[in-house]
Amino acid sequence: MITLFITLILIFISIAIWQMIKIFDLSRALKGEKIDDSQIANDKDNRVNARLMLGFLAFIYGITIICIIKYGHFPLITDAASEHGIKNDTLMISTLVLIFIVQTITQFALHYFAYRYKGQKGNKALFYTDNHKLEIIWTTIPAVVLTGFITYGLLTWADVMNISQDDDAMVVELYAQQFNWKARYAGNDNSLGKSNVRLIDIDRANILGIDESDPNASDDIITTELHLPVNKPVLFKMRSQDVLHSAYMPHFRAQMNCVPGMVTQFLLTPNMTTEEMRNTPSMIDKVITINKIRDEKSKELIKKGEEPLDPYDFDYVLLCNKICGKSHYNMQMKIIVESQEDFDKWINQQTVFKNSLIAQN
Amino acid sequence: MSEYIEFDKDHHEHHSKETFITKWIFSQDHKMIAKQYLFTGVIFMGIIGIVMSSLMRMQLAWPEEPNVIFEFLLGKWAPEGVMDADIYLALVTMHGTIMVFFVLTAGLSGTFSNLLIPLQLGARDMATGFLNMIAYWLFFVSTVLMVASIFVEAGPAAAGWTIYPPLSALELAQPGSGLGMTLWLVSMAVFIASSLLGSLNYIVTIINLRTKGMSLTRMPLTIWAFFVTAILGVVSFPVLLSAALLLIMDRSFGTSFFLSDIFIQGEVLHYQGGSPILFEHLFWFLGHPEVYIVILPALGIASEVIATHSRKPIFGYKAMIMSILAIGFLSVVVWGHHMFITGMNPFLGSVFTFTTLLIAIPSAVKAFNYIATLWKGNIQFNPAMLFAIAFVSTFITGGVTGLILGDSALDINVHDTYFVVAHFHLVMGISALYGMLAGIYHWFPKLFQRMMNKNLGYIHFWVTAICAYGVFFPMHFIGMAGLPRRYYTNSNFPLFDDLADTNTIITVFAIIGALVQIVFLYNFIYSIFYGKRAPQNPWNSTTLEWTAAMEHIHGNWRGKIPEVYRWPYDYSKPGYKEDFVPQHIPLKKGEEEY
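Each protein sequence line maps, in turn, to chains A and B. In this text, residue positions in the first sequence follow the working numbering: the first is 1, and each later residue adds one. In this text, residue positions in the second sequence follow the working numbering: the first is 362, and each later residue adds one.
Heads up, a few of these hints could be off.
EDC-like, lysine to aspartate or glutamate: derived pairs with alpha carbons at most 16 Å apart [claimed, not checked]: (1) A/Lys297 - B/Glu426; (2) B/Lys893 - A/Asp89; (3) A/Lys194 - A/Glu212; (4) A/Lys297 - B/Asp858; (5) A/Lys304 - B/Asp862; (6) B/Lys679 - B/Glu954; (7) A/Lys232 - A/Glu135; (8) A/Lys232 - A/Asp89; (9) A/Lys326 - B/Asp445; (10) A/Lys124 - B/Asp940; (11) A/Lys194 - A/Asp211; (12) A/Lys326 - B/Glu532; (13) A/Lys70 - B/Asp862; (14) A/Lys232 - A/Asp130; (15) B/Lys392 - B/Glu906; (16) B/Lys737 - A/Asp130; (17) A/Lys70 - B/Glu939; (18) B/Lys396 - B/Glu912; (19) B/Lys934 - A/Asp130; (20) B/Lys679 - A/Asp130; (21) B/Lys573 - B/Glu924; (22) A/Lys292 - B/Asp862; (23) A/Lys124 - B/Glu954; (24) B/Lys949 - B/Glu939; (25) A/Lys334 - A/Glu275; (26) A/Lys286 - B/Asp862; (27) A/Lys304 - B/Glu425.
Some chain B residues well away from chain A (every beta-carbon gap over 12 Å; in silico) [unchecked claim]: (28) Trp385; (29) Lys392; (30) Ile448; (31) Thr489; (32) Leu492; (33) Phe512; (34) Ile524; (35) Ile564; (36) Val595; (37) Leu735; (38) Ser769; (39) Arg811.
If you're looking for bench data, these hints aren't it; they were derived computationally from the structure. We put the CB at the ideal spot given by N, CA and C, even for glycine.
Given these sequences and hints, build the entire structure.
Below, the structure is given as structure tokens:
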């Protein structure tokens with residue numbers, strides 16, 4: 001019923017607009033005004049639209065300024081929580097500065113020229129077909145600037161992706177499945193036991209398909225939270241059991257897909273504990289803002305007789321960032337970066353793989 | 362050339378034999394086929410695509426609240442007005458597929474290549490009208506299949522428009538990967554066949570059927586753009602066909618091209634030895650040229666429209682041709698930039714970063730040349746011109762952020778976030794859409810012999826232009842805050858709670874932007890029947906299509922085909938009274954061509 005109602009309203013509105021336009025045209029015709037109905041832009045159209053072009057330039061600049069003020073602290077550009085992240089951020093900031101300059105100048109030229117050279121009856125445009133000097137200049141300048149940025153980018157990339165330099169990195173497996181994450185620590189020997197999805201045995205609680213006969217496997221530790229010691233390189237080995245997933249750790253400037261049938265890897269060194277990150281000025285501000293929003297929402301929920309939201313405190317998070325099915329939007333794992341002592345304390349409380357298996361006859 | 366004219370005489374004699382069916386349905390006339398593409402590809406599929414995007418935006422802005430519109434449009438997939446999470450992904454997938462392939466590839470190229478290639482080159486029709494007809498009807502079949510897949514019991518394909526396996530291969534992973542995905546694949550296979558036939562026809566026509574005097578360097582830039590687009594299509598679409606066929610094999614015949622070691626819903630599947638990364642390579646070998654297949658025709662149309670309406674030759678004609686060719690070539694060697702973090706060898710990532718950032722050079726040349734064309738022009742702000750200027754604006758805004766995404770080190774952190782969504786919507790979605798709208802406003806008199814209402818055109822343009830920036834500009838920033846795309850709701854991450862108001866603002870802009878397209882639709886349909894009769898050459902343009910018969914006759918020109926004596930951009934040439942000199946006017950004694 002309601003659908004019919006909405007459809008009818010829409011139809012009536014369109015008919016009304018149509019009739020109004022007709023009446024408007026007729027009334028002008030009746031008044032005997034001379035109407036230019038050629039539907040080709042005349043001087044008046046040119047003047048109006050030329051001014052609007054300037055207005056539009058102001059709009060583009062305005063929206064840029066508003067966005068920069070609103071997101072001025074650029075959550076993912078400052079306060080990287082990993083060593084390579086700081087280098088990434090420098091590259092990001094310099095690229096953004098370049099983009100900002102290019103965008104400001106070219107948009108100005110485009111819209112200003114559109115305004116300045118608006119058409120007028122009797123005017124004639126300049127017949128100007130090309131200028132090789134100018135064209136060489138504006139081919140060479142981007143080429144030179146880009147060479148610089150390509151080199152800078154490639155050096156950073158080589159640095160981020162260089163895995164062989166750290167042989168003493170702690171090995172951690174990130175295991176993805178629809179729709180949750182598991183972490184597997186390699187234990188004292190720092191080497192993961194062999195694994196394959198064909199070895200998964202739910203009845204024995206061997207959920208990651210670890211080879212029980214592999215001696216390296218016995219001290220592996222499977223957890224649902226990711227704890228990392230600060231300032232120690234971690235070599236992540238990513239695995240997936242069903243579809244593509246992507247392990248995205250935005251605060252560490254780290255992301256790698258998890259591909260069924262193969263192991264991918266990513267190396268990073270966290271350099272800020274969760275506690276330190278919580279105490280950075282921008283994070284304090286962010287948490288206050290978020291909690292204000294959550295308070296408002298809670299009030300509404302209480303009115304409806306529902307449970308209020310928990311207050312928020314910052315934690316690092318691992319998200320799935322490759323479309324993986326129905327609950328893709330809620331596939332996450334908490335990451336805690338802490339001192340080596342806290343980490344050791346925590347890991348010693350966990351059960352090793354050997355002891356986590358359920359005995360069967 | 363004399364044989365060619367005789368061929369045309371012969372061709373003309375068939376004219377009287379037309380019946381209703383051969384004229385309106387199984388037409389072999391390129392102008393009718395252009396209109397058929399316009400209605401099926403642009404108007405029909407465009408409406409579906411826009412409605413889908415509005416639904417997604419509403420879901421993102423008000424995720425928990427029941428919505429009458431959802432209940433109305435989605436029915437059982439929105440019980441009590443709350444959208445189902447699987448259907449959100451289906452909307453994402455179908456919106457992407459429909460917009461990229463149906464609206465901006467077949468709709469855009471199909472309409473304007475068909476209309477303009479014979480008319481601007483001075484040909485009576487396409488090289489083979491029969492193949493052209495087959496191409497359209499294959500496209501029609503693929504449209505029907507794709508639309509039918511929306512009504513399948515378990516829902517349409519929902520693995521994203523990139524349909525990466527294993528998600529797209531296994532029904533156990535997602536209900537949409539059942540019959541919905543099968544229809545998707547079959548529809549695309551038919552679509553590719555249509556696209557290949559169409560592209561071959563365009564290439565052959567451009568090479569063989571140019572009128573006397575129409576050398577390659579006297580072709581309008583539109584034709585150059587369509588030419589390179591068609592070549593890209595022929596080079597890259599077959600690769601997608603092979604990927605689709607292999608995926609069909611994996612799905613239905615148990616092969617393991619893309620699948621290996623899978624444990625899902627409590628069972629181990631038999632697949633072994635395949636690699637999803639292989640599929641990504643095959644997909645993006647088409648997928649990246651595809652975005653240039655989308656944007657190049659828009660670049661061509663913008664060149665033509667900007668030159669005509671600023672009454673000034675396009676600046677650096679030869680540089681424009683060179684940059685189209687350079688972009689076309691580079692576009693087939695950059696596909697890996699979609700795969701930096703898929704587990705592909707990092708060295709390969711470096712190579713693709715290098716080739717990708719190179720594309721910025723010819724693109725920058727094009728942008729500078731457009732701006733230089735406006736300089737000291739006599740700009741006539743017809744709606745077509747407004748869209749062409751806005752095209753340059755969004756092409757720059759969307760293009761510059763390519764420097765971040767093309768840089769493998771930076772891509773790590775913004776890959777698959779809203780930053781990407783903002784980037785490609787501006788640089789290929791909105792830009793190509795603007796190119797298409799500029800083309801419709803500009804060539805409407807040629808298509809329907811009538812003018813569109815300019816005031817409605819102005820309303821349509823300004824609201825659209827503001828909404829486009831309002832939607833996609835803030836998206837860069839929520840992307841830089843780490844918000845992943847393709848999330849049904851962001852409310853499961855308190856971390857993103859402070860982005861919710863921005864999301865709502867974006868949605869408001871999106872809905873206004875979608876609604877204002879009704880103004881365009883009204884103007885378009887009304888003008889077809891009741892618009893003011895168009896004069897022979899309303900925009901005082903130099904190109905040949907405006908010399909052809911107004912009425913759509915088979916063979917385009919009543920008499921002989923005009924010959925061409927000059928390049929297509931003689932606007933405001935000194936020594937002439939009028940501010941344009943059409944291509945078929947011979948050079949004066951001692952006059953230099955350009």
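Against the structure, the hints:
1. A/Lys297 - B/Glu426: 13 Å, holds
2. B/Lys893 - A/Asp89: 57 Å, violated
3. A/Lys194 - A/Glu212: 8 Å, holds
4. A/Lys297 - B/Asp858: 11 Å, holds
5. A/Lys304 - B/Asp862: At roughly 22 Å apart (the allowed maximum being 16 Å), B/Asp862 and A/Lys304 break the hint.
6. B/Lys679 - B/Glu954: 13 Å, holds
7. A/Lys232 - A/Glu135: 51 Å, violated
8. A/Lys232 - A/Asp89: 20 Å, violated
9. A/Lys326 - B/Asp445: 9 Å, holds
10. A/Lys124 - B/Asp940: 7 Å, holds
11. A/Lys194 - A/Asp211: 5 Å, holds
12. A/Lys326 - B/Glu532: Judged against 16 Å, a Cα distance of about 12 Å means the pair holds.
13. A/Lys70 - B/Asp862: 11 Å, holds
14. A/Lys232 - A/Asp130: 59 Å, violated
15. B/Lys392 - B/Glu906: 11 Å, holds
16. B/Lys737 - A/Asp130: 13 Å, holds
17. A/Lys70 - B/Glu939: Measuring from Cα to Cα gives roughly 52 Å; hence the hint is violated.
18. B/Lys396 - B/Glu912: Answer holds: B/Lys396 to B/Glu912 is near 14 Å, not above 16 Å.
19. B/Lys934 - A/Asp130: Between B/Lys934 and A/Asp130 the Cα gap is close to 14 Å, so the pair holds against 16 Å.
20. B/Lys679 - A/Asp130: 9 Å, holds
21. B/Lys573 - B/Glu924: Holds - the C-alpha atoms of B/Glu924 and B/Lys573 are around 5 Å apart, at most 16 Å.
22. A/Lys292 - B/Asp862: Within the cut-off at roughly 13 Å; holds.
23. A/Lys124 - B/Glu954: 19 Å, violated
24. B/Lys949 - B/Glu939: 15 Å, holds
25. A/Lys334 - A/Glu275: 14 Å, holds
26. A/Lys286 - B/Asp862: Holds - the C-alpha atoms of B/Asp862 and A/Lys286 are around 14 Å apart, at most 16 Å.
27. A/Lys304 - B/Glu425: Status holds; Cα separation ~13 Å.
28. Trp385: 27 Å, holds
29. Lys392: 21 Å, holds
30. Ile448: 10 Å, violated
31. Thr489: 36 Å, holds
32. Leu492: Non-interface label on B/Leu492 holds, nearest chain A Cβ at 36 Å vs cutoff 12 Å.
33. Phe512: For B/Phe512, whose nearest Cβ neighbour in chain A is about 18 Å away, the distance exceeds 12 Å, so it holds.
34. Ile524: 10 Å, violated
35. Ile564: 28 Å, holds
36. Val595: It holds; B/Val595 is separated from chain A by about 29 Å at its closest Cβ, greater than 12 Å.
37. Leu735: 4 Å, violated
38. Ser769: Non-interface label on B/Ser769 violated, nearest chain A Cβ at 5 Å vs cutoff 12 Å.
39. Arg811: 9 Å, violated
Going through the hint list in order, the structure does not satisfy hints 2, 5, 7, 8, 14, 17, 23, 30, 34, 37, 38, 39.
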